[in-house]
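In order, the protein sequences belong to chains R and C.
Numbered according to this note's numbering, the first sequence spans residues 9 to 273.
Numbered according to this note's numbering, the second sequence spans residues 36 to 443.
To be clear, the hints were calculated from the coordinates, so they are not data collected in a lab.
Please note that a few of the clues may not be correct.
Unchecked claim - Quick look at which bits of chain C chain R covers, simulated, 3 or more residues with Cβ under 8 Å:
id	segment
1	53 to 59
2	307 to 318
3	349 to 361
All residues carry an ideal CB built from backbone N, CA and C; glycine is no exception.
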Amino acid sequence: MTEILQSQGLDPLVVDGVELGSRLIMGTGGAPSLDGLGAALVESGTELTTVAMRRYTPAESGSLFQLLVDHGIRVLPNTAGCYTARDAVLTAELAREALETDWVKLEVIADEHTLLPDAVELVDATEQLVARGFKVFAYTNDDPVLALRLEQLGAVAVMPLGAPIGTGLGILNPHNIEVIVSRASVPVVLDAGIGTASDAALAMELGCDAVLLATAVTRAQDPVRMAAAFRHAVEAGRLARTAGRIPKRRHALASSSMEGRAEFL
Amino acid sequence: MHQGTADVAVIGAGIVGLGIAWTLLDSGRSVTLIDPAPAQGATFAAAGMLAPVSEYHYQEEELLGLTLESVGLWPGFAAPFGASGAYLATPTLVVGFDAADRTALADLNAVQKAHGLDVEPLTLREARRMEPLLAPQLSCAFLTPGDHQVDPRRMHSALLAAFRERGGVVLEERAEALLWNDDGARVTGVRLASGSTVAAGEVVVANGLSSPELEGLPDGLKLPLRPVYGDILRLRVPERLQPFLTATVRGSVRGIPVYLVPREDGTVVIGATQREDGMAGASAGGVHQLLRDAQTLVPAVAELELQEVTARARPGTPDNAPLLGRVRGPDGQDLPGLIIATGFFRHGVLLTPVAARAVQELLDGTDQGRWAAFRPDRFGADRFSADRFGAGRRAPRLLNEHTVEAHA
Numbered sequence: 009m010t011e012i013l014q015s016q017g018l019d020p021l022v023v024d025g026v027e028l029g030s031r032l033i034m035g036t037g038g039a040p041s042l043d044g045l046g047a048a049l050v051e052s053g054t055e056l057t058t059v060a061m062r063r064y065t066p067a068e069s070g071s072l073f074q075l076l077v078d079h080g081i082r083v084l085p086n087t088a089g090c091y092t093a094r095d096a097v098l099t100a101e102l103a104r105e106a107l108e109t110d111w112v113k114l115e116v117i118a119d120e121h122t123l124l125p126d127a128v129e130l131v132d133a134t135e136q137l138v139a140r141g142f143k144v145f146a147y148t149n150d151d152p153v154l155a156l157r158l159e160q161l162g163a164v165a166v167m168p169l170g171a172p173i174g175t176g177l178g179i180l181n182p183h184n185i186e187v188i189v190s191r192a193s194v195p196v197v198l199d200a201g202i203g204t205a206s207d208a209a210l211a212m213e214l215g216c217d218a219v220l221l222a223t224a225v226t227r228a229q230d231p232v233r234m235a236a237a238f239r240h241a242v243e244a245g246r247l248a249r250t251a252g253r254i255p256k257r258r259h260a261l262a263s264s265s266m267e268g269r270a271e272f273l
Numbered sequence: 036m037h038q039g040t041a042d043v044a045v046i047g048a049g050i051v052g053l054g055i056a057w058t059l060l061d062s063g064r065s066v067t068l069i070d071p072a073p074a075q076g077a078t079f080a081a082a083g084m085l086a087p088v089s090e091y092h093y094q095e096e097e098l099l100g101l102t103l104e105s106v107g108l109w110p111g112f113a114a115p116f117g118a119s120g121a122y123l124a125t126p127t128l129v130v131g132f133d134a135a136d137r138t139a140l141a142d143l144n145a146v147q148k149a150h151g152l153d154v155e156p157l158t159l160r161e162a163r164r165m166e167p168l169l170a171p172q173l174s175c176a177f178l179t180p181g182d183h184q185v186d187p188r189r190m191h192s193a194l195l196a197a198f199r200e201r202g203g204v205v206l207e208e209r210a211e212a213l214l215w216n217d218d219g220a221r222v223t224g225v226r227l228a229s230g231s232t233v234a235a236g237e238v239v240v241a242n243g244l245s246s247p248e249l250e251g252l253p254d255g256l257k258l259p260l261r262p263v264y265g266d267i268l269r270l271r272v273p274e275r276l277q278p279f280l281t282a283t284v285r286g287s288v289r290g291i292p293v294y295l296v297p298r299e300d301g302t303v304v305i306g307a308t309q310r311e312d313g314m315a316g317a318s319a320g321g322v323h324q325l326l327r328d329a330q331t332l333v334p335a336v337a338e339l340e341l342q343e344v345t346a347r348a349r350p351g352t353p354d355n356a357p358l359l360g361r362v363r364g365p366d367g368q369d370l371p372g373l374i375i376a377t378g379f380f381r382h383g384v385l386l387t388p389v390a391a392r393a394v395q396e397l398l399d400g401t402d403q404g405r406w407a408a409f410r411p412d413r414f415g416a417d418r419f420s421a422d423r424f425g426a427g428r429r430a431p432r433l434l435n436e437h438t439v440e441a442h443a
């Protein structure tokens, strides 16, 4: 895998010691059909996909989990819909038992109007889950202080939002995302708020290690086409980040130098 | 014990199985209908919207064709039952709540128009002239005159009474297994849980989510069904608020769908959630969401008497379209004696007449492959590998190497 990526100028994402060939992490919410979701996931090239444990039970809707297994996509259970640390810990334990993974995307939301993380509960839940041996992917506000705090508590990845869940508003505070990236020593995953491909490319250019999105694909008119767009966008953004962009200047700078130009006397 | 012989045995007496049984009886065949509890599954919960236009979803064109055909069949299908069948040609009003709902519904409207569907934008004043109890602060409204309704419980009881009256046999028992002839080449009947048998020239499997549990399904046939639970409410309108609504109102409230179906008997049905959480009973969160969003669209919902909270599972399929037709045997030919008719998901009531027509054509041999898109064995093992956009997984190519085909 690494060789193929390297031949394309790309490098794998490493989280908790696991190499992933794609830096696009997908969610499953909002998909109009299971087949449509499957086709979009495959097209996206994702190797890690998050599933809400409160919305899908591995027991009854085996087909969603089966679909991921069939395509070699790792499941990242999440605690969507949890409002308290206690709720989130119980949900994570359920996921660990059902899916035999200690990875969990921790989501503790404050209220249903904003779906923003509740910082206090989030910190509590991270501490408890880490103590219980979970590998916590912490969904957080775009707050550099909170992000660092979560990392210090043992999160294996921090996942700041670009904008509130489902809004498609893109990255509202690129400066904060850059600050989070500059201080983090665990992977930073831009999670939530992505509306279209350029948002994902921007996240990668800002230095995020990966992008997580769901509704931008699942609720698009043509989810497969949009999934392809995001696959390209994330790769383009990563390439641009690692290529070293030019500085922004206030004044023009000719791309061809003046030297060696013919002089007419 | 032998429980008789019929031309056709239909397993499952929900609205789909019963509709098929009735149509086949009407075609002169003898029919035995087998179900331990007729109309207690999804039929019991269903709102009965006959709404191919407002239920259309992007890229589900095969299903659209089927639903459109069926909505056209409904008046004729319901005609013999008159008022007792509770078919109503009430229109459907689609409304949005916030600005994003307006954008989403306008985008959908453009595609509906491109498909030649009958849906007209209304001003909010026009919509509120039609339905004065609509909230003033909506963001958009569309009228779909061809999206009608039926009361599934009343239609089912009218159908069942007529079926019995015309000599149809109803066995209120659980079907346990399909019976095959000695060389295993064709299905010849049904074994019931009591051990008795029904011999039949053809067996129609129409028992929804229970279908995969049937013993003796053809080797290798997987019926990819999953339970998609729905919560649905029934409310009574007090005298002073009647008429509450004259049209079915479907809304998108901050991106979440909700509908209100007014019945002739002064009740209103509010639905429906879609849950895959495995909880068979009604969800408190689901009921809250329905009442909250219905009240956002029609504030007077708060004045209604909440009479019933119901939850049932719908048989969902991977592509949201039904599993309808014959299945191939080991020799690649269709297995005689067996037709599958399940997986109708959210459209069981709407699709009942067309399912009955399809089964009748398959039995008569007049189908000419019309229903092939819905074959129960259409799901291959690796159906997502088409790679429409050129670049395969982990192997992106240069942009100029692949062509993105234009949308049909």
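key: 8 Å C-beta test of the segment 53 to 59 of chain C against chain R, three or more residues   = The restraint on the segment 53 to 59 of chain C is violated, since only 0 of its residues have a Cβ under 8 Å from chain R and three are required.
task = Would you check chain R against the segment 349 to 361 of chain C, counting CB to CB pairs closer than 8 Å, and say if three or more residues qualify?
result = holds (count 5)
task = Test coverage of the segment 307 to 318 of chain C by chain R using CB-CB distances below 8 Å; three residues minimum.
result = With 4 residues closer than 8 Å to chain R, the segment 307 to 318 of chain C meets the three-residue bar; holds.
Hint check: a violation occurs at hint 1 only; the rest are consistent with the structure.
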